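Participant: Residues per chain, in single letters:
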Amino acid sequence: MIGDHLLTTLIFLPLLGALVMLFVPTDKTIIIRFVALGTMLLELLLTLLAVSSFDSSVIGYGSESLQLVEKMPWIDLSIGSFGSLLIQYFVAVDGLNITLVLLSGIILLIGVISSWNIQKQVKGYFILYMILSTSIMGCFLAIDMFLFFLFFEFMLLPMYFLIGIWGGKKRAYASIKFYIYTLVGSLLILIVMIGLSLSVVEVPGGNIHTFNIMKMMSPENYLSGSVLSLDYSGSFLGWDMRHLAFLLVFLGFAIKLPAVPVHTWLPDAHVEAPTPISVILAGVLLKIGGYGFYRIGYTIFPEAAQTMGWWIGLFGVIAIIYAAMIALAQSNLKRLIAYSSVSHMGFVMLGMASLTIEGNAGAILQLFSHGIISALLFILSGVLYDRTDNLRIADYSGLASKLPHFTVAMVIAFFAALGLPGFSGFIAEFLILAGAFDGAVHGSILDHFMPVLGLLGLVLGAAYFLWTLQKMFFGQYWVRDKQWKMSDLSVREYLMIVPLALMALLFGIFPGLILDLSNQTVIGFVEFVQQQGDVNLSILNK
Amino acid sequence: MAGAIGAFFVPRRLAGWVHVSFSALTLLIGTIFILDSPVSFTQSVDWFTVGDNTFKIGFYYDSLTAVMAVVVGIVALMVSVFSVEYMKHDTGQNRYFAYLGLFAFAMYGIVISSNLLMTFVFWELVGFASYLLIGFWYKQEAPPKSSFKAFLMNKIGDVGFLLGIFLAWNIFGTLEIRTLLDQVSTLGLDSFGASSFMISAMGIGLFLAAVGKSAQFPLQTWLPDAMTGPTPVSALMHAATMVAAGVYLMVRVFPLLSFEVLQNMIIAGGLTAFMGAFAAFAQTDIKKVLAYSTVSQLGFMIAAVGSGFPLAAFFHLVTHAFFKAGLFLCAGSVIHYFHESHLEGNDGSFDPQDIRNMGGLRKVLPVTFWVFTVCMLSLEGIPLFSGFLSKELILTGLLSGSQVPIWVTSLVFLSVLMTAAYMGRVYFIVFFGEYRRPRFNESLKIKLPLITLAVLSLGFVFVLNPVNLTSGWLHDRIIPITKLNGLIHSPLITVLSIVLATLGILISYLYVQKNGLNALMVKLKYVFYSTSMHHFYLDYFYRNIFSKFMIAKAKAIYYFDKYVFDGIVNLLPRLQLSLAKLIDWIDKNIIDGIVNGIAKADVVVSFVAGWVDKYILDGLINGVASLSKFLGDKARNIQGGNVQLYFVWALFGMMAIYYFLR
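Residue numbers (the working numbering), protein chains in the order written: chain B, 1 to 542; chain D, 1 to 662.
It is possible that some hints are incorrect.
Listed below are the simulated EDC-like cross-link pairs for lysine to aspartate or glutamate, each with C-alpha atoms no more than 20 Å apart in a straight line [to be verified]:
1) B:Lys-471 to B:Asp-395
2) B:Lys-170 to D:Asp-566
3) D:Lys-145 to B:Asp-395
4) D:Lys-139 to B:Asp-395
5) B:Lys-170 to B:Asp-389
6) B:Lys-169 to B:Asp-395
7) B:Lys-542 to B:Asp-231
8) B:Lys-402 to B:Asp-488
9) D:Lys-139 to B:Asp-488
10) B:Lys-402 to D:Glu-141
11) D:Lys-145 to D:Asp-285
12) B:Lys-71 to B:Asp-4
13) B:Lys-471 to B:Asp-481
14) D:Lys-56 to B:Asp-516
15) B:Lys-120 to B:Asp-27
16) D:Lys-56 to D:Asp-182
17) B:Lys-471 to D:Glu-141
18) B:Lys-120 to B:Asp-389
19) D:Lys-445 to D:Asp-90
20) D:Lys-363 to D:Glu-340
21) B:Lys-402 to D:Asp-90
22) B:Lys-123 to B:Asp-27
23) D:Lys-445 to D:Glu-340
24) B:Lys-120 to B:Asp-386
25) D:Lys-553 to D:Asp-566
26) B:Lys-485 to B:Asp-386
27) B:Lys-169 to D:Asp-566
DEER-style ranges, computed between Cβ atoms [stated by the list, open to error]:
28) B:Asp-447 to D:Asn-570: 31 to 41 Å
29) B:Lys-482 to D:Leu-414: 50 to 60 Å
30) D:Gly-173 to B:Gly-206: 45 to 55 Å
31) B:Phe-34 to D:Lys-562: 37 to 47 Å
32) D:Ala-601 to B:Gly-225: 58 to 68 Å
33) B:Lys-170 to D:Ile-551: 22 to 32 Å
34) D:Ile-551 to B:Gly-225: 55 to 65 Å
35) B:Val-498 to D:Thr-174: 36 to 46 Å
36) B:Leu-537 to D:Ile-551: 41 to 51 Å
37) D:Gln-140 to B:Lys-170: 37 to 47 Å
38) D:Gly-92 to B:Ser-487: 20 to 30 Å
39) D:Gly-92 to B:Leu-456: 31 to 41 Å
40) D:Pro-573 to B:Asp-481: 27 to 37 Å
I should point out that these hints are in silico values taken from the structure, not numbers from a laboratory. As the structure is a prediction and not an experimental result, all values here were calculated from the model. Glycine is no exception: its CB is placed at the ideal position from the N, C-alpha and C atoms.
Assemble the whole structure, with the sequences as input and the hints as a guide.
Facilitator: In structure tokens:
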């Protein structure tokens with residue numbers, strides 16, 4: 001039974017866990033924790049099952065290459081002369097999301113282990129956590145845009161409470177900022193979604209309006225003269241509607257990614273969020289932004305990938321350099337890591353914009369690899385925070401003498417994050433920059449200076465990470481407050497750190513494990529975006 | 001099989017002897033392998049696939065690989081043996097040998113690599129191992145700073161390497177070294193449709209890699225600082241192998257380097273050679289002298305590559321690896337001696353690396369003294385020693401190269417003189433003079449590596465004829481692939497280099513012996529001295545100006561982010577809040593005012609109404625009531641009781657009614 005409904009089980013298993021928790025008495029926190037752990041272990045096993053049943057040799061990109069498809073009509077609304085509105089329960093995987101599903105499975109389990117020492121309102125916490133897990137999985141798996149949007153929106157609610165209740169000192173400010181930012185993003189996407197639903201029909205020439213993303217890929221499915229069709233004549237401030245819609249979608253996901261200059265919610269959210277939520281935020285939630293670029297932005301509006309690719313690449317490079325510079329100036333460890341995330345996400349934009357196979361394969365790998373590595377970084381900063389409630393870099397020195405194992409873990413994490421060969425981040429960044437060079441030399445989308453500046457970002461990355469390492473961990477041991485209990489890693493912390501570090505190493509030495517999953521889809525995707533983009537552009541320009 | 005050699009070197013957390021035996025085994029396997037397979041060949045396996053491109057891992061074998069692997073193997077083995085003695089009191093031995101293993105693994109990786117991506121991977125790993133080993137004593141202040149600096153400067157070079165790789169990928173469509181070299185040698189560099197700018201940019205990128213790793217101008221300042229690592233490490237990595245990797249890479253990819261790139265290499269190499277030699281004069285730390293000497297010698301090599309004779313550079317790399325490792329291990333032996341003899345009663349103020357604390361060690365450490373002598377003479381380029389052969393080759397190359405600027409050549413020749421002089425200075429200060437102590441028993445673990453390296457610094461190892469290279473075995477092995485076209489060998493150069501070297505030693509001898517150390521300091525004018533001491537203030541510039549500028553810039557951007565971007569974000573709600581407050585105020589004062597006004601008016605009205613009510617209406621009512629009462633009272637009186645009165649009133653009433661009705 002699960003075989004046929006694997007993805008549905010993946011999505012709703014956490015919800016089932018939450019349901020079970022509802023019946024556990026509030027004071028039996030240990031049972032609640034174990035229910036959460038069991039649910040997520042099972043979830044990880046199911047993602048592994050999904051990965052193993054995924055056939056990575058299926059070529060192409062589009063509805064034919066989707067696998068493990070579950071599709072059924074959900075809401076079928078007839079609205080008089082307008083026709084009818086079809087919303088489907090449509091979930092599937094292909095090379096774009098299979099790696100991210102795997103990543104979610106890993107990170108969500110790590111997140112539960114990291115949540116083990118949450119003491120405040122345990123039941124509420126884990127129920128919200130389970131709801132969050134369901135919406136994350138749903139978001140990655142949905143192929144129907146309405147379903148996607150539903151899960152996308154639904155993530156906000158548990159996140160808001162998880163930061164707002166279990167967060168640090170300025171949690172109220174951070175959670176509201178996060179909420180408003182993301183809500184604005186969602187609204188932009190909602191506008192486009194409404195436009196799309198008005199324009200796209202299930203069968204060419206029919207009047208069953210659909211939210212199926214796969215249908216939105218082909219111009220035949222657009223009603224002639226409808227607002228987002230290629231032959232719509234109207235414009236707004238000189239922009240035709242499709243480019244405008246792409247811009248809105250892009251901005252919506254750029255907030256989530258986040259891209260400069262709409263990144264300012266991230267450092268606050270990270271600093272205030274409890275450690276496991278930071279881990280999920282950096283490890284999985286940001287990736288939805290990148291995934292959205294692919295699944296919604298480029299897939300539905302391929303022509304914009306060509307006309308606006310230069311700008312996307314530019315903003316990617318700006319994010320790389322700008323956020324790295326800011327990270328160099330940080331005095332708080334968690335803020336530094338948060339800005340490094342922004343910098344690393346800039347690489348995703350650069351790779352995507354290059355419209356080359358290397359660049360896009362690198363971007364997908366970067367999403368995965370950064371998920372693992374940033375989760376590791378946030379867990380390590382959480383280790384320190386648990387002991388001292390303080391993450392000011394200047395308050396520590398020479399930690400290596402007192403916390404040797406913690407230091408080793410930190411060295412591994414930092415070097416993985418700065419892209420040392422042997423860790424997954426290196427391959428990702430190498431491919432992205434190679435793709436960007438390719439795009440700049442052979443294509444016309446990017447300029448040469450972009451990958452060169454991206455390279456500079458690597459130097460800056462080494463600078464801020466190693467500087468922090470030198471300041472906090474080496475030299476004479478000194479901490480600001482003698483009362484702090486500096487004990488080395490506990491078993492629970494090892495349980496999180498060792499697997500993550502090993503994975504960063506594993507996927508660095510054998511990047512094929514991830515690259516092969518997405519390779520065929522990426523080839524198909526790049527080909528689709530280039531060809532369909534050309535077709536659409538030629539129609540638009542007429 | 002050589003790939004397996006590398007795999008042998010997965011770090012093992014075991015004590016030094018395990019490491020030594022693995023080093024020996026590696027060397028043995030490597031040597032057998034080399035003797036077995038005289039031809040060049042490539043072998044590789046797929047690493048990962050992106051699109052239709054498959055990136056590979058493999059090894060590329062030719063005589064260059066063979067010689068380099070043997071050199072690395074010998075020096076690594078010697079250093080491991082030495083380390084067992086040197087590090088015997090250190091608690092972090094396991095860590096130390098694990099790092100050494102990681103380094104050896106990465107270094108072999110570079111040597112055998114069959115493609116540029118793989119080279120880069122190991123290139124960075126070597127940098128990482130170097131980071132770990134420089135900062136080995138992490139509890140002190142200086143080593144972590146030096147290791148940070150070393151990695152960062154290397155990273156700048158590495159980024160150049162990546163740039164070169166990307167451009168090579170774009171121009172040639174492959175990263176396989178063999179394919180690259182074959183294509184370029186058959187078709188020429190210009191036949192790939194790439195602009196000369198692109199080709200030069202690629203070359204500059206690759207050269208930048210060497211600038212970082214081999215400590216060339218302007219990134220050379222990390223190397224002297226790297227001396228904060230354990231001395232055997234300095235011998236292995238920062239003298240013999242790691243820093244030579246840059247030169248090795250340049251020799252490897254030489255056909256890919258365009259003329260403009262070579263010009264830059266000559267200038268950078270010449271400058272580095274001179275600056276390093278100059279800076280070595282005033283150093284008081286024995287390791288720093290050797291470090292600047294290494295910088296200078298690497299400059300020689302790079303200049304040689306630039307002048308078009310990579311073989312000369314590579315030969316010097318090989319000889320330098322042995323004699324410089326020997327010198328460093330001698331320094332290590334001296335430092336070790338001071339450490340050991342000061343274990344009892346060292347008050348901590350004594351610096352065992354400061355040459356001003358040394359003297360007369362000739363009698364105390366005889367083996368060290370003799371090995372130092374041999375290696376030093378080799379470094380100075382005295383005939384019969386290996387350094388003479390290679391240095392002479394470089395000088396010949398510089399003079400034969402058609403496009404070598406004359407000022408660079410002069411700088412290099414001057415550096416030869418200076419090399420002899422600064423080495424002589426150290427030599428005479430450390431080993432001669434007054435400072436007699438009982439003879440120290442040098443452990444076999446120290447003697448063996450020292451003597452081996454000294455033997456390898458002798459000229460006959462490479463060629464029997466002391467002045468003519470062409471009859472040696474090395475010549476037969478290497479020249480077939482890297483031809484020495486156009487090399488004009490003249491006896492003049494031989495004589496000149498001998499004269500310069502002898503002159504240098506003489507100068508230093510005169511200064512040190514006749515006038516003593518202090519006199520030398522005085523004689524060297526202050527500016528000259530401090531320039532030398534501070535290496536032309538290059539590092540001062542980086543530390544105090546460049547990095548401060550960068551940090552200030554980072555802070556500025558951060559504040560920009562905080563107050564502008566985030567400011568806007570925070571401003572929007574604040575604006576909204578102000579707007580809300582405004583509306584609220586309007587609401588309160590105007591709309592509500594009106595409402596309140598109306599209400600107030602209402603109240604006034606009601607008040608008035610109330611008053612009216614109370615006093616007028618009520619008054620009226622009360623008045624009526626009073627009247628009624630009064631009347632009632634009266635009436636009661638009327639009702640008072642007697643019938644006659646009723647009757648009277650009734651009569652009156654009747655009369656009144658009548659009156660009104662009438």
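Participant: Hints numbered earlier in the text: which of these fail when held up against the supplied structure?
Facilitator: Violated: none.
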